[in-house]
Structures are given as structure tokens and as C-alpha cells.
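Quick note, the sequences are listed as chains A and B, same order. Okay, so the first sequence: first residue is 1 according to this note's numbering, each after it adds one. Okay, so the second sequence: first residue is 1 according to this note's numbering, each after it adds one.
Hint data in this document are derived by calculation from the structure and do not stem from the laboratory. All C-beta atoms in this analysis are idealised placements derived from N, C-alpha and C, irrespective of residue type, glycine included. Keep in mind that a hint or two might mislead.
What the hints assert, rightly or not - Covered stretches of chain A, as calculated for chain B (at least 3 residues, CB under 8 Å):
# : stretch
1 : 55–61
2 : 64–75
3 : 113–122
4 : 208–215
Stated by the list, open to error - Cβ pair distances, simulated, as ranges:
#  : chain 1 : residue 1 : chain 2 : residue 2 : range
5  : A       : G25       : B       : R501      : 49 to 55 Å
6  : B       : E458      : A       : Y44       : 24 to 30 Å
7  : B       : A400      : A       : H166      : 31 to 37 Å
8  : A       : P161      : B       : G426      : 31 to 37 Å
9  : B       : K161      : A       : G25       : 57 to 63 Å
10 : A       : K30       : B       : E548      : 45 to 51 Å
11 : A       : H166      : B       : D98       : 43 to 49 Å
12 : B       : D564      : A       : G25       : 57 to 63 Å
13 : B       : N276      : A       : W207      : 37 to 43 Å
14 : B       : Y332      : A       : G177      : 30 to 36 Å
15 : B       : A145      : A       : G39       : 51 to 57 Å
Claimed, not checked - Anything over 12 Å on all C-beta distances counts as not near chain B; from chain A, calculated:
#  : residue
16 : H28
17 : G49
18 : Q168
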Amino acid sequence: MEERRSAEAMEASVLESGIVSSGEGLAHVKVRRYDPTAGGQPSYDEFDGIPFADRSVLDVLHSIYQERDPSLAYRHVCTKGFCGSCMLVVNGLPVLACQYPALADMTIEPHPKFPVIRDLVVGLGLDVAEGRKDAVIVGDAAAGSSAEAVSAVGSRADIDPKACVHCQDCVAVCPVGVYSFVSKRVKVIDPDSCLGPSCNMCVDTCWKMAIKMVPRGNHDLQYPIG
Amino acid sequence: MDEEKPVNLSFDQSDQISTRLECDVLVVGAGMAGLTAAVEAAEHGASVTVISKGPVTRDGAASWMAGSGFSAALYPPDSPEAHARDTLRVGQYLNNQDLLLTLTNELPRCVGLLDRWGMRYMKSNGRYVQVRFPGSRHSRVPRSARTGIMLGPEYRRLFPKQLRRLGIRALGNMQALQILKRDGAAAGVLALDILDGLFVVIKAKAVVLATGGFMGMYPFTATSPTLVGEGQGMAYEAGVQIQDMEFADFYSNSLVWPPIYAGNIDLPTMLRIDLNGKVFNSRGEEFLVARKGLGLAQPVLCQQEIQASRSSPHGGVYLSFKHLPDNLLDAYLNSVGDTRLMHALEVMGVDIRRQALEIAPAPLESMGGCRIDSKAQTSVPGLFAAGEVAGGAEGAFTIAGNPIALYMAMAAIAGREASRHAGEAGASFAEPPDVGPLVREALRPLDNGSEGDILALEARQQLQVVLREHLHLLGRTQDGLEKALDKIRAIGSDASRWRVRTTARRHNNEWLGCLELRHMVTAAEMVARAALARQESRGLHFREDYPEPSADWLCNIVIQRDGDEMRVTRVPVAFPFMRPGEK
Numbered sequence: 001m002e003e004r005r006s007a008e009a010m011e012a013s014v015l016e017s018g019i020v021s022s023g024e025g026l027a028h029v030k031v032r033r034y035d036p037t038a039g040g041q042p043s044y045d046e047f048d049g050i051p052f053a054d055r056s057v058l059d060v061l062h063s064i065y066q067e068r069d070p071s072l073a074y075r076h077v078c079t080k081g082f083c084g085s086c087m088l089v090v091n092g093l094p095v096l097a098c099q100y101p102a103l104a105d106m107t108i109e110p111h112p113k114f115p116v117i118r119d120l121v122v123g124l125g126l127d128v129a130e131g132r133k134d135a136v137i138v139g140d141a142a143a144g145s146s147a148e149a150v151s152a153v154g155s156r157a158d159i160d161p162k163a164c165v166h167c168q169d170c171v172a173v174c175p176v177g178v179y180s181f182v183s184k185r186v187k188v189i190d191p192d193s194c195l196g197p198s199c200n201m202c203v204d205t206c207w208k209m210a211i212k213m214v215p216r217g218n219h220d221l222q223y224p225i226g
Numbered sequence: 001m002d003e004e005k006p007v008n009l010s011f012d013q014s015d016q017i018s019t020r021l022e023c024d025v026l027v028v029g030a031g032m033a034g035l036t037a038a039v040e041a042a043e044h045g046a047s048v049t050v051i052s053k054g055p056v057t058r059d060g061a062a063s064w065m066a067g068s069g070f071s072a073a074l075y076p077p078d079s080p081e082a083h084a085r086d087t088l089r090v091g092q093y094l095n096n097q098d099l100l101l102t103l104t105n106e107l108p109r110c111v112g113l114l115d116r117w118g119m120r121y122m123k124s125n126g127r128y129v130q131v132r133f134p135g136s137r138h139s140r141v142p143r144s145a146r147t148g149i150m151l152g153p154e155y156r157r158l159f160p161k162q163l164r165r166l167g168i169r170a171l172g173n174m175q176a177l178q179i180l181k182r183d184g185a186a187a188g189v190l191a192l193d194i195l196d197g198l199f200v201v202i203k204a205k206a207v208v209l210a211t212g213g214f215m216g217m218y219p220f221t222a223t224s225p226t227l228v229g230e231g232q233g234m235a236y237e238a239g240v241q242i243q244d245m246e247f248a249d250f251y252s253n254s255l256v257w258p259p260i261y262a263g264n265i266d267l268p269t270m271l272r273i274d275l276n277g278k279v280f281n282s283r284g285e286e287f288l289v290a291r292k293g294l295g296l297a298q299p300v301l302c303q304q305e306i307q308a309s310r311s312s313p314h315g316g317v318y319l320s321f322k323h324l325p326d327n328l329l330d331a332y333l334n335s336v337g338d339t340r341l342m343h344a345l346e347v348m349g350v351d352i353r354r355q356a357l358e359i360a361p362a363p364l365e366s367m368g369g370c371r372i373d374s375k376a377q378t379s380v381p382g383l384f385a386a387g388e389v390a391g392g393a394e395g396a397f398t399i400a401g402n403p404i405a406l407y408m409a410m411a412a413i414a415g416r417e418a419s420r421h422a423g424e425a426g427a428s429f430a431e432p433p434d435v436g437p438l439v440r441e442a443l444r445p446l447d448n449g450s451e452g453d454i455l456a457l458e459a460r461q462q463l464q465v466v467l468r469e470h471l472h473l474l475g476r477t478q479d480g481l482e483k484a485l486d487k488i489r490a491i492g493s494d495a496s497r498w499r500v501r502t503t504a505r506r507h508n509n510e511w512l513g514c515l516e517l518r519h520m521v522t523a524a525e526m527v528a529r530a531a532l533a534r535q536e537s538r539g540l541h542f543r544e545d546y547p548e549p550s551a552d553w554l555c556n557i558v559i560q561r562d563g564d565e566m567r568v569t570r571v572p573v574a575f576p577f578m579r580p581g582e583k
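Using the sequences plus the hints, can you model the full thing?
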């Protein structure tokens with residue numbers, strides 16, 4: 001199957017964990033819904049029969065929005081893997097929605113690192129705003145999917161300390177703040193948030209080729225792997 | 001699910017307006033042009049606010065997807081004049097020559113600015129190493145020390161530091177709705193804070209529009225689908241003259257399949273350039289070679305194959321590398337490394353040794369926009385325009401490496417001039433008119449009672465069908481364009497009946513789409529009218545009923561609001577610097 005091969009290439013480990021069912025071309029999608037201003041608790045809406053083969057997670061969200069439920073809030077800007085604003089969590093794995101192949105059975109949640117504005121939209125806190133109260137975006141951080149929900153499978157970026165020249169390109173390019181520049185060294189400070197190969201911006205941008213994708217979950221791993 | 005709450009339309013304004021701000025210079029848009037204008041205005045002493053529809057530096061600006069081209073004439077024998085002459089030849093003499101010369105003279109300074117801000121250039125003996133791009137007579141693009149063909153992320157990296165250094169207030173998630181005017185001059189902008197669904201009024205002594213182009217209106221696009229011509233639409237409503245809307249750049253090397261990468265241009269571009277890929281139609285003809293003598297542009301030739309049922313199954317043409325030996329391809333693929341593009345090939349399940357990619361022309365860049373003078377000033381005092389939202393620098397067509405460079409130069413000038421304009425305005429702000437009616441209008445789709453019987457979502461899809469069928473590369477005939485215009489006007493005339501089903505105020509995609517749609521309709525109508533008016537073929541404006549360029553049409557089609565009517569006029573181009581056909 002096309003979608004099976006796609007998923008395999010992207011996240012072999014997700015497949016191994018049995019999350020992907022053999023697709024008939026239609027997906028079963030669970031989406032986390034929450035509006036902090038409306039009160040109440042986060043809930044999950046389920047959608048069946050969404051075409052998903054050869055499409056991205058974002059394409060599937062477009063389908064839901066256009067054909068099933070226009071009240072779904074999700075962010076999409078460039079749709080081509082450049083802006084990094086459509087990050088979310090699919091089956092516990094943080095990904096860039098526009099570049100991650102849709103799976104037959106998906107639970108889609110907002111990225112846990114940022115406060116939820118509504119449904120899948122999170123506040124990125126990128127505004128440079130002096131004297132504007134909401135520069136730190138008001139949302140509900142506690143109601144984000146919890147960090148424990150992040151999958152232990154799949155891959156995330158890591159730096160080879162021997163090759164890194166601490167130029168901070170990865171710090172600038174990473175949409176979720178995996179890297180930080182502390183005491184004159186670039187370090188991975190938040191590996192759980194990494195969007196993996198669907199984003200890959202740090203790997204692409206690193207001119208020293210010091211960044212590689214390594215298995216997720218084990219923070220004691222030392223680069224290089226294998 | 002969201003709790004459905006009725007919207008109270010007899011509102012107290014203070015409930016709807018969350019923030020009121022003042023600044024000397026307000027920049028709308030935060031791409032390369034917007035942020036450059038902001039930095040330049042702040043350097044010249046203005047207090048500056050930038051608003052952007054997306055999160056700042058995580059927005060859909062085309063600049064962040066830019067390739068490696070950035071033309072600037074730095075050393076003899078090249079010169080700003082030679083740069084302008086190349087641009088005029090490719091622009092087929094429709095450019096504003098005074099503006100263009102100002103820009104090409106500004107460009108060496110822009111390279112210096114980028115260098116100072118932290119752009120890494122390849123240098124040899126203290127000189128920038130430059131490469132020659134097709135269409136240029138000299139090596140004019142300073143080579144980056146970075147790998148890869150995309151420089152967008154490199155540009156994007158530069159700006160946060162500058163914004164902080166100069167204390168520029170940059171607000172993301174702000175959808176600009178309307179330019180506010182007082183006594184015929186720009187006095188600020190009404191915007192919607194997308195995250196909380198409340199309105200923001202920003203008073204300014206000068207406004208710089210840098211909202212980008214409108215190529216995202218098309219259903220299949222190589223640029224960001226958020227670039228839908230709101231700037232052109234807002235400017236038109238404010239009474240600005242808009243020119244050259246019929247001209248756009250369509251890029252042939254855009255993936256059509258699979259949907260996950262639809263509109264991706266970096267993968268096919270990289271492979272085609274690096275590996276000398278061949279393009280076939282479904283009959284196995286290398287039609288670009290066979291039809292070279294017709295004098296038609298590559299995107300038009302590709303689109304003709306696609307519409308003549310000689311296309312690939314998904315409506316493209318084939319980009320093949322099978323003529324190359326396996327070991328060459330293997331060596332190449334290994335050298336590229338573990339990049340996103342290689343992941344994409346894996347995800348697509350395409351083995352380029354055996355299979356071809358499916359590519360088709362996709363809208364990339366719009367040439368048309370606000371008519372500006374060589375100080376980036378529009379026809380409305382206090383309103384400046386820079387970047388893709390402005391027209392006139394490029395004429396009918398563009399050279400690789402020119403757009404982002406010219407746009408940055410334009411923005412630097414716009415920033416300086418806006419700052420000067422704000423300085424002359426003195427200490428007090430012009431009071432913008434009451435925004436109550438505008439706010440009420442913007443809220444209407446949320447609760448459009450019995451009036452609202454048209455889903456904005458569906459109206460938008462209808463508009464996209466018209467764009468694809470009649471305002472794409474092909475399909476521009478008198479008959480087709482008249483039909484398109486009728487359809488667009490019909491969609492627009494129903495605006496008071498648009499409604500949305502979602503009433504949530506926070507990030508309501510449906511409502512935001514509806515607010516965009518008003519400007520999309522205006523922009524689309526301008527494209528249709530300009531394409532209808534120009535009875536010749538020039539650049540990628542290909543009129544099937546007038547397939548040749550004509551000297552009678554050395555003029556700009558200028559559109560301006562006249563009451564509720566769109567007034568279309570032909571304005572002859574002046575040739576103070578170079579006449580058509582000169583060497």
C-alpha cells in the first residue's frame with residue numbers, strides 16, 4: 001500500500017508499534033477539542049471515512065474542516081514545511097502536520113509545549129511586543145496534552161558535540177525550541193518537543209552536518225548512533 | 001465542541017476592541033519587505049509597529065521560501081544601470097524606469113545591510129563571490145556560504161535580533177482588515193487579533209503595506225496559501241491606484257503529486273538543475289525541446305500539454321532522470337545527505353532511477369500591485385507599499401534573483417520615506433474615523449440571521465474554480481475573461497449574504513477565511529479586468545485571441561476605485577532611461 005510505504009519511510013518505529021492499521025484508503029481520526037474561553041474540559045471528536053492515502057495530516061484536517069466540521073481550529077500557514085507553525089501531535093508523536101503522512105488511525109492533539117488557544121492552535125509566544133499585555137499569549141498551558149503523552153518511539157534530533165561549532169543556526173530555525181544557547185554552547189534542552197524528520201529544518205540548516213535524527217525516548221543516548 | 005454562543009451585535013465598542021496602539025510608522029506584513037521597512041524606519045528614528053497575519057517569523061511570507069537569488073550590481077563592469085537594463089528587457093519595458101533605477105542603485109547597500117545583520121556570504125580577497133543567473137548579463141548574485149538552494153531560512157534568522165535591537169513592536173496573528181484614512185491620508189489600520197477574535201486599532205502617521213502577493217488565491221500554488229491579495233484589496237478600497245494585475249510568474253517545476261507535497265518547488269528544482277532532468281508529456285515527447293521554436297514560455301508550453309490531455313494521471317508532465325546511469329544517481333543521492341527533500345522522495349515512494357516526478361506550472365509570484373513612485377509612495381498620502389504588494393519594478397516578467405532583491409530595496413526606501421513622512425507630520429496623530437461600522441461589518445458573518453444564506457467557505461471555493469479556469473496561464477480569451485468577470489462580480493455582490501457556521505471567537509478559521517474572501521474577490525476582479533483590457537500577449541499574460549505582443553500596449557493597466565466602480569485606464573509607460581529595443 002502506498003500509505004503504508006510512506007509511513008514506513010517516515011517513522012518505521014511507529015509502524016512497528018502497531019499504530020497504523022492496514023489502510024483501506026479511509027482514515028479514522030480523533031481530534032482533541034478545547035476552547036479555554038468556553039469553560040468545560042477538553043474532549044475528543046471522532047471522524048470516520050476521511051481519505052488519507054498520499055496526503056498529509058494537514059490535508060486530512062483540511063478535509064475535516066471543509067466537509068465535516070468547520071468549527072475545527074487548526075493553524076496552517078505555508079503548507080510546505082518552511083514556516084513550522086502547524087506543529088501538533090499525532091498518536092503521541094510531535095510532527096509538522098503539513099509534511100507528515102496521514103495515517104489510517106490518528107489521534108491528533110495540540111503540541112504540548114505551548115498554551116492552547118483553541119483546539120489544535122497553540123500560542124507560540126513569538127510576538128516582540130513591549131507594553132502589550134497579551135504579548136505572552138493567554139491560553140491554558142495546563143490543558144495541553146501532557147508531556148507524558150509524547151511517544152517514546154520515532155526519532156528526534158541530536159547534536160554531535162564534536163562537529164558542532166555553536167553557530168546557533170539550529171536555535172534560530174527550530175520551531176519548537178529544542179535547542180538553546182547556554183554558556184556559549186548550543187545544547188539540546190527539550191528533545192521531547194522535537195518534530196522529527198517531518199520538520200528536519202535543523203538537519204537541513206546545519207552546515208557542519210552536526211545534527212542527526214536519533215531514536216526518541218532515551219535521553220542518555222550519545223550521538224552518533226549506529 | 002465549542003459552545004455555540006449568540007453574538008450580540010448591539011455591542012459596546014470597548015468590548016470588541018482589545019487594544020489601541022499608536023506608532024509613527026505601521027508596517028503591515030512581516031516578510032522580507034515588511035521587516036526591512038520596519039528596521040529602516042526605526043533606524044531613522046521612527047517608533048515602529050509591525051503586524052503580521054501569521055506568527056512573526058513563522059508566517060507564510062514567500063521570502064522565507066526564497067531561493068538563492070539576490071541580484072545586486074556590486075563591481076564593474078556591472079553597474080546599477082546594467083542591472084536595470086537587464087530587468088527592463090525581461091520586464092518587456094513595462095517597468096517604472098525611475099523606480100527601477102532607484103532600486104538597483106539601492107541594492108548594493110542592501111547587500112551590505114544583510115551582511116551586517118549576519119548573512120554569511122562567500123568572499124574572496126574581501127570581495128563578494130558572485131554568480132550569474134539566467135537572464136542577467138553579469139555575475140550579479142552574491143554567493144552564500146551556506147549549502148543548499150534555499151536562502152529563506154537564512155533571511156528569517158536575521159530579523160528577530162534587529163527587531164529587539166531597535167525596540168520594534170512586532171505583533172503576530174493580526175489580520176489587517178482595513179486601512180483607516182483621515183482627510184484623504186492614511187491614519188492607521190483596523191486589524192483583528194486572530195487569537196482572541198477581538199479588534200485592534202493602530203493609529204500611525206505613516207503606513208507601509210508589505211502584505212505580499214496574491215498567488216495563494218489559486219487552489220494549487222507554489223507559494224503560501226495565506227497570500228491572498230489582502231494588501232491589494234485593502235489598498236484598492238483606500239483608493240490607491242493598482243497596476244499590472246494581469247502579470248504573474250508561474251513556476252513549471254512544481255510537484256502536483258502526491259498531495260502531501262503539492263506545490264513543493266524545491267525538490268524538483270534541485271533535482272532538475274543538479275541532474276539536468278528531462279521533461280516529457282504522456283506520449284513520451286520532450287515537448288519543451290520540440291516546441292522551443294514557438295517562442296512561448298516554458299510554463300505556457302507545459303500548461304498546453306496538460307490541457308491537451310497529454311498530461312500525467314494527476315494533471316502534470318513528467319520530470320525524468322532515467323537517462324542517467326544508476327551509479328551517477330546513487331552518487332548524487334548519497335551526496336545530498338539526510339535532508340528533508342530526500343525524506344520526501346522516500347515518503348513519496350519515488351525511485352528517481354526508475355520513476356519520473358509529476359510537475360506542473362503553479363502560481364509563484366504576482367507582479368501587480370500598488371502603483372508607487374520612486375519613493376515607494378502610493379497615490380494615497382502617508383501610505384507606502386513595498387514588496388510583492390507593489391507593482392512597477394518588474395514590469396511584465398522577472399529574472400531569477402531579482403524579485404526578493406528589488407523588494408528589499410523597495411522596502412528600505414519605503415521605511416526611510418515613511419519615517420520622514422511621520423517626522424513631518426509632527427507630534428499629534430490624525431484621529432481615524434469611528435471604526436464601529438467596520439467592526440460591525442466584520443462581525444456580521446458570525447450572526448447573519450436570515451440574510452446569511454451563502455456559506456463563505458463555498459463562495460471561496462467557487463472563486464478558486466474561476467481563478468483556475470480563466471485566470472491561470474491558459475483560458476485568457478475575451479469570452480472566457482468576460483465570463484470570469486461576471487462570475488467574480490456575482491460572488492462579490494453576494495458578500496452581504498455570506499455567513500459562517502462557527503461562532504467561536506478564538507482562531508475561527510471559517511470567519512478568518514470569510515474576512516479574507518472580501519479582499520480576494522477584489523484582487524481577482526482586478527486580475528480579470530486587467531487581463532481583459534490587455535489585448536496582447538506579454539510576459540506570462542497569454543491571450544489566446546491576441547497571441548502576439550504589440551507596441552500599442554507599451555502601457556500599464558491601472559485600476560482605481562471610482563465610487564463603487566472599478567475604473568480601468570491605460571497609462572503609457574515613460575522611457576526616460578531606456579527605450580524598447582535599445583541594447
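Evaluated hints:
Figure legend: the stretch 55–61 of chain A, annotated as covered by chain B; annotation consistent (3 residues with Cβ-Cβ distances under 8 Å, at least 3 required). By the rule of at least three residues with a Cβ nearer than 8 Å to a Cβ of chain B, the coverage given for the stretch 64–75 of chain A holds, with 8 such residues. Residues of the stretch 113–122 of chain A lying with their CB closer than 8 Å to a CB of chain B number 4, which satisfies the three-residue condition for coverage. Given as covered by chain B, the stretch 208–215 of chain A passes the check, having 3 residues with a CB less than 8 Å from a CB of that chain where 3 are the minimum.
Checked against the given bound of 49 to 55 Å, the beta carbons of A:G25 and B:R501, roughly 28 Å apart, lie outside it. For the pair B:E458 and A:Y44, the supplied restraint of 24 to 30 Å holds, since their beta-carbon distance comes to about 28 Å. Roughly 34 Å separates the CB atoms of B:A400 and A:H166, a value that falls within the hinted 31 to 37 Å. Checked against the hint of 31 to 37 Å, the C-beta distance between A:P161 and B:G426 comes to roughly 57 Å, which is inconsistent with it.
Look at B:K161 against A:G25: about 48 Å separates their beta carbons, and that is not inside 57 to 63 Å. Checking the proposed 45 to 51 Å range against A:K30 and B:E548 shows it is violated: the Cβ atoms sit about 58 Å from each other. For the hinted restraint 43 to 49 Å between A:H166 and B:D98, the CB-CB distance of approximately 47 Å keeps it satisfied. A C-beta distance of roughly 49 Å is found between B:D564 and A:G25, which places it outside the suggested range of 57 to 63 Å.
Hint check: B:N276 to A:W207, Cβ distance near 26 Å, so the stated range 37 to 43 Å is violated. A C-beta distance of roughly 34 Å is found between B:Y332 and A:G177, which places it inside the suggested range of 30 to 36 Å. Between B:A145 and A:G39 the beta carbons are some 54 Å apart, a value that agrees with the proposed interval 51 to 57 Å. Residue placement check: A:H28 keeps its beta carbon more than 12 Å from all beta carbons of chain B (closest about 18 Å).
The claim that A:G49 lies off the interface holds: its Cβ sits roughly 17 Å from the closest Cβ of chain B, which is beyond the 12 Å cut-off. Its beta-carbon lying about 9 Å from the closest one in chain B, A:Q168 breaks the requirement of being farther than 12 Å from that chain.
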